[in-house]
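Peer 1: Sequence lines, in order, name chains A and B. In short: position in the first sequence from 1, add 25, done, that's the working numbering. In short: position in the second sequence from 1, add 7, done, that's the working numbering.
Worth flagging that the hints you see were computed from the coordinates, not collected in a lab. No residue lacks a Cβ here, since even glycine has one placed at the ideal position from N, Cα and C. Among the hints, erroneous ones may be present.
[Stated by the list, open to error] Residues from chain B that face chain A, not an exhaustive set, calculated with beta carbons under 8 Å:
no.: 1; residue: His50
no.: 2; residue: Ser180
no.: 3; residue: Leu183
no.: 4; residue: Asp185
no.: 5; residue: Ala188
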Amino acid sequence: MNAVEIRNVSKVFNAGRPNAVEALVDIDLTIEPGEFVSLIGPSGCGKSTELRLIANLLEPTTGEISVNAKPARQARLDQDYGMAFQQAGLFEWRTVTKNVELPLELKGWDKERRRARALEMLDLVKLSDFADHLPWQLSGGMQQRVAIARALAARPSLLLMDEPFGALDEMTREHMQAELLRICAETSTTVVFVTHSIPEAVYLSTRVVVMSPRPGRTKVVIDVDLGAERNVDTREDPAFFRKVTEVREALRGMPIGGPDDMALEP
Amino acid sequence: MFALSLVLVAVLWALYKWVGPQDGGKLFGLTVLPRANDTAMPHVWEMLSRYARPERRGATGSIALVVLSGAWFTFRLALTGFVIGASVGIALAVLMARYKVIERGLLPYLVVSQTIPLIALAPLVVSWGGKLHIGGFEWPRWLSASVLGAFLAFFPVAVGTLRGLTSAPQPASLELMDSYASSWWQTLVKLRFPAAVPFMIPALKLGASASVIGVVVAELSTGLAGGVGRLIIEYSRESTSDPAKVFTAVFAAAAIGLAMAGLVGLIDLAASRNRRPKDVLA
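Pulled out of the complex, with its shape left as it was, chain A reads as follows (with noise of 0.2 Å):
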């Protein structure tokens, strides 16, 4: 069983009207159980487009997209997936837990059941001092990892994350994206990983799917094998520099996208 599959998948938006934005062609993409997959292009490509159309928070304009072997909107009312953005989107109003809490709430647990399930999270991401404090008072690296724990706390195998660490320095960056390989070992979850940054897509992932833009489409998927293990001395790899090389190389050349575009590096 696949954990995404995508099949001859386009969008279009405002269809047939004048503003009408091709945002994807001819997408076509194969995700297996335990496999970390990284979305990387310049801006208007649609990466993130097409991370909500896995999520089915978009419908695609043609074509057919299955998570976990059923139809997306029937895997997104199932909760077979979590979700990050790049702004933790924690609800201010809300202890850490309680955050947590959230999409167990919407799943009808009762409460004790998910204080523990919340607990065990927090736990996971290293935050366990931090039950009740508030989202104003932790970090934006901690509340990243909060954002984490609430999309992990329904157990989904697959975690759908857009830019999580765009806005966080590079030195937490570094740090969190390590937690998140150590996460996902121990939960043995399948990631599919929207990002600007060349060296965090070749370490985080199994293989980096390059996207050119207007309209997007996908350029070439590189393979990214570095061994399972990856620590602070996979950074400093030659066989790192040579696939973050390779992914530079496969980048070049694309139209750069407009004023709201980040850097294509760090």
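Use these hints to put chain B onto chain A, whose structure you have.
Peer 2: For chain B alone, kept in the frame of chain A given last:
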């Protein structure tokens, strides 16, 4: 801070009485500055000490007791009006947030409703109320005043809550709720309402003071006895012989407004206790 500003107002009042023209400032025959004589502007001390004297010659007890019981009467009416108005306002906001069509159709009428002069509406509501007999329920006269308070109170609450419900939640938070397959009502309760609190509190404060105005005006125009509205009318007839008297009731009306706003402040305290201090508006 509030006490200090009260003193400041009293000082300004006394200062104007001292320098202001006794018969008002006239420009081309029009009075442009208020008269500073003792009939139009009694001394601050005169107005305060009036509370200690009886309501009228021969009456026992001070006028303060009369005004206080009138204020309590009006306060209860205003509170009833506010509760009705706020409930209707919030219900309308939810309805408009849920169905865009209803917002487009209804909002213009709500705006128009606020342009109807209350004075014209008050006797109508009283007469409609008098004709209402639902089962054993008799429409009491005071309820008409509360309904008029509610009529003024619902509008700011509806508009403020609508804005809070629709624009306060972050788009990413709404996407997050979608990703959990949350129903519209679940999203309303868990996200939209809590996020809307900073918008709702100022709206509720406006609604609370509007309700007091509505009730006082209703008392004035329907002749409902027992509240400060009626006292203001009665006392103002004596403004030449006892100019300080009417102010005792006017201050009481202002105090009711403050008490109502204070109640909303308590709601605010309860609803915003988790928020970062500076994030709380108003």
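Peer 1: For each hint given before, does the structure comply? Return the numbers of the non-compliant ones in rising order.
Peer 2: Hint 1 is the one this structure does not satisfy, whereas the remaining hints hold.
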